[in-house]
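**Q** Here are the chains, one letter per residue:
There are 4 protein chains.
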Amino acid sequence: MKRIPVGILGATGAVGQRFVQLLENHSYFEITDLCASERSAGKSYKDVVLWRLPTKLPANAANLEVKTCEANTGAKVVFSGLDSTVAGEIEENFARAGYAVISNSKNHRMDSDVPLLIGEVNPDQIKLIEFQKKRFGGDGFIVTNPNCTTVGLAMVLKPLDEAFGVERVVMTSMQALSGAGYPGVSALDAVDNVVPYIEDEEEKVEVEPLKLLGKVYGNEVKFASFKIDAHCNRVSVRDGHTETLSIGFKKRVTTTQVTRVLKNFRGLPQKLGLPSAPKEPIVVVEEANRPQPVLDRDINGGMSIIVGRIRESNVLDINLVLLVHNTIRGAAGAAILNAELLKARGII
Amino acid sequence: MKRIPVGILGATGAVGQRFVQLLENHSYFEITDLCASERSAGKSYKDVVLWRLPTKLPANAANLEVKTCEANTGAKVVFSGLDSTVAGEIEENFARAGYAVISNSKNHRMDSDVPLLIGEVNPDQIKLIEFQKKRFGGDGFIVTNPNCTTVGLAMVLKPLDEAFGVERVVMTSMQALSGAGYPGVSALDAVDNVVPYIEDEEEKVEVEPLKLLGKVYGNEVKFASFKIDAHCNRVSVRDGHTETLSIGFKKRVTTTQVTRVLKNFRGLPQKLGLPSAPKEPIVVVEEANRPQPVLDRDINGGMSIIVGRIRESNVLDINLVLLVHNTIRGAAGAAILNAELLKARGII
Amino acid sequence: MKRIPVGILGATGAVGQRFVQLLENHSYFEITDLCASERSAGKSYKDVVLWRLPTKLPANAANLEVKTCEANTGAKVVFSGLDSTVAGEIEENFARAGYAVISNSKNHRMDSDVPLLIGEVNPDQIKLIEFQKKRFGGDGFIVTNPNCTTVGLAMVLKPLDEAFGVERVVMTSMQALSGAGYPGVSALDAVDNVVPYIEDEEEKVEVEPLKLLGKVYGNEVKFASFKIDAHCNRVSVRDGHTETLSIGFKKRVTTTQVTRVLKNFRGLPQKLGLPSAPKEPIVVVEEANRPQPVLDRDINGGMSIIVGRIRESNVLDINLVLLVHNTIRGAAGAAILNAELLKARGII
Amino acid sequence: MKRIPVGILGATGAVGQRFVQLLENHSYFEITDLCASERSAGKSYKDVVLWRLPTKLPANAANLEVKTCEANTGAKVVFSGLDSTVAGEIEENFARAGYAVISNSKNHRMDSDVPLLIGEVNPDQIKLIEFQKKRFGGDGFIVTNPNCTTVGLAMVLKPLDEAFGVERVVMTSMQALSGAGYPGVSALDAVDNVVPYIEDEEEKVEVEPLKLLGKVYGNEVKFASFKIDAHCNRVSVRDGHTETLSIGFKKRVTTTQVTRVLKNFRGLPQKLGLPSAPKEPIVVVEEANRPQPVLDRDINGGMSIIVGRIRESNVLDINLVLLVHNTIRGAAGAAILNAELLKARGII
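Residue numbers (the numbering used here), protein chains in the order written: chain A, 23 to 370; chain B, 23 to 370; chain C, 23 to 370; chain D, 23 to 370.
All the given hints hold, so there is nothing to weed out.
Since the list gives no way to pick out one identical chain from another, each pair is judged satisfied if it fits inside one copy or across any two copies.
Straight-line Cα separation of at most 20 Å, SDA-like style, residue types lysine to any residue; simulated pairs:
1) Lys-149 - Ile-369
2) Lys-285 - Ala-185
3) Lys-78 - Val-306
4) Lys-78 - Glu-309
5) Lys-78 - Glu-302
6) Lys-285 - Asn-322
7) Lys-149 - Gly-236
8) Lys-249 - Phe-271
9) Lys-365 - Pro-27
10) Lys-226 - Ser-335
No lab work stands behind these hints, which were simulated from the structure alone.
All of these numbers come straight from a predicted model, not from anything done at the bench.
Required output: the full structure, derived from the provided sequences and hints.
**A** Written as structure tokens, this is what we have:
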């Protein structure tokens, strides 16, 4: 099969590097364009990237000449790992110029005709693309994936909402350092410490799931109406966000029912057998002291949500803890899975 | 003023060392007896203790000869930092033999006639001592302080409950390593990791506040009736438990009201000017990213609860974060403040 | 090819788990016997092992019934990851009973007729096995690999010694937590700390390289005669020992020569193409701030020594820094490579 | 006694904050001027400083209005914690304008007529001030203290050099995160990692001790001639640099002699009883696994060098390990002690 040429916007950053890593040897996509700031343009990728992943810099990317982020790449599909200070305009430029933009950036997530997409959760939002194309006056469009903390939350709430009707969620996250990029968090804020605040994070986590679990009516999404409290904290972990959840449902539920629903959850990516889709989008672990980031974040290549400690709640209905690999399922892997889904649907 | 001779049970352990540290130069109490296991008995304290506090081993304790934990110490008041595997029986032996036992151990906290005491929260439970004395047939009794995570929670809930009526609390803790003693947690569980479980901890945190905020009727405590969810996690912090709280009240409240109530809270230890009582039992910090363990745990000698991020809740009424120094206000310091209160009340 | 059945002694421990992990799908060996303490015997491996590696418990081992460490396993080749408190006697029992014991334990490393073997460094010590067989009166024997810190040191010194003659080495190690097993190091010794001492470690690191770089004469090894200073420290790293070296040679050398010698180094495992042999036993990195444990320890599956910062010394001749994956090349992987070499040589 | 008014250059930075902390209630000095960049000028200190020390922002500094770093402060003595990108010029401006500049910055340390001063090590370099005054044409001058890693090294080498003649030193440091300021080191470089390189650090550590232990002849210092190898590493420690040393001497020595010499070392600050001078500039600890940063860095207020593990070397003569509090004795505390010495000598 001939692979689809793709570009990476923000290719030298933390998310950009993950794109390059995860797309090495991808069966659908082949990186042909690496775009970054003017400072890097004109040089080969290996000379400008400060490669910080423990696997080797892929040979296919190493010698590509880095370009600026202008909408004239050969590839007609681009992944965006751009910083939010520039992502808004650049992504729109690409969409307007007819490109398919698969973005991990936050800027357009809440645009009414932009899908905020998780393949397992809301493939129906793909329909919004048509309205975007009209707006941009061509074939271009933007598809986004949610914030890293939201992904874990929404993946777990989706099957529970379908089965029992979610009403209320209190979530506390213990988020990994890599979520802030590199250099990101100061070591003096991380060693022997917790920072009980991440700028703009709680706002995103309290709203994005409502769009994700909403329903498409015509050219927009009617948001879900349950309530979320988010307490977001930074802890001394390299990768993997841990989230504790207390959930209230419309119906009475048992821990057995919740466990079964989570274990049995399969989405469209599983049905289509997409390359990045884990067989089990949610893995339920039994040991009392799991999931733990260092032991469990890489299960199924970092693409599954790991759930543990499902138990009755005193205040709401069910308590549990989940773990999401924030830079794989919570960022670059999420965008790649979105692109795979669009390809399978014939949209790219 | 002549100081009251006191003994330390479990003097070589982590809590025992904190007792020795905090009681150096105490204005009410003077350590005369250090009790530990048979292995240590007969040797001088400095030769058997593996002193692990960053301050010097106090000279007054260094050369005391360690005794076994038998109820024949010269001191008639003993602080107990015993491990729960042995605390139950030993503390009872001392009480039965006429000693005042001020304990940090969990074993007798839920005994119906044993005060579970925080000076600022429920000094009325001191009345229970009379019933204990009858039970033990002499002058001896046990007074306990709560679990380290509970202390922070109960201190914050007390004034809020009086003002607005607490109905529901969802709490997630990020607990320090020192809470597990030494050697305690394995470094391989701590570095680059979170463990989302602490054995027996959630059970304590969900129940102890109900006794603490209960009311004494006759010879027992009628527990408070609000509901608590506890999600207890171990994070890579040396000292200081951080707790996120979502709280629901009987009345509508504003963040301004909550802030004012917490700031103005004063208890009996403050009125009596007890040596270990901080002027402000609760310190409210304004910065968005505080409190942080490494920066704030030592405020007021580790005896204040530090509260920040008071904000509206989507699910319940108010969200906030608190920090409690787990080995000072959450353990040895709590017991010492209890003893100071008993002394001020003429009970010891 | 039919695989050779092998047993693991100490199968539930940290090194034992690495053996199980690294031998899943091994082309020469197949695990048939898992041996541990009496407490575990009679139960299936998956029920007694506290599996702590981030990869899945291999299916081939999960359901094996654990046995005690008695010399009656079906497999005639056993890998030993036994604790040194018991390894001495058990390994000797197996050798005496005719088994080939490939050991990571320290107990027999210095026995005069026991090879202390690194395939790339001193395959000639395999000759000692004949003398052992005579001693044990059968076909049994013990082969050991060195201490984890020694492995990195000896691998780098070997080609340099051949080329320039090593005279003096001052080594400071910053050793990973996993080197102490699990639970091993207390988190309170690791977080925000360095411990400048590891029991018995410096003694081993100062002597083992002399046997490794010695020469076999008849039934014993004439030790090399250079001098080593070892300063061993424990730092807050999960895996990967970093070592700084100042080295003095018999000849004058340049950094270019040293770099070339290290890069070009190949040993017998490379010539034989053994399954666990990395193509380059030593990888030289150029960046000023490398190697770093978190970025470089997994290069070539953790089987290469990573060397950086080769520069002139003011005091001796050459300074450099090296990184060795302590639980792979420094322990289980070293033993497996030894077994592969013995198989290739027809000894097992 | 009337206190001398002093200013702080770079008052909002990490070293600047330490100056403010350590000078609260100082018996000789009183802060009257806080100088920083234009961005902060005109606002009160408490509004512009991101205070990151665990003690309270001193009340005497909180409300001072911050000024720019121009040589028109009321105080005639200024402490400089300026970043090296600007320190060179600003400090010279102040000196030329008649101010006494007590600097922690590296820029002028190697100027031939600028003392590189540790009170206990080389008070004779104070004589150089006269030559500077001539150069600057007034009463102004600069006095510097060494790099944080150098301080520990030079303090230990000084008495040993006097007693036995130092010839060669191989030093490996494990340096704290605070040495890089705030935000400084990325958490992703610190957690589960060692970085075996600190820019420009080894060069300083290999040369500064030679000036410190040199001798003043006329208007310049004849450097000491021993050789130093420095291997500088960044580890996951908040405060406190640990250094391993192998030392070669001109004379044969025993560990007993070395221990005695270090324990008995006293310098001019001790003789003069300066406020910041620890009674023992070097504290020798006996336990095999000490000193450790988290347990020992605050001994004597962070102003002593802690030495342990004095033992024979195989390669040189003596091995030992030392610990220096890098932001107290290694930075702000060093400068303050220098100022105290100048005051005691009537120079300021």
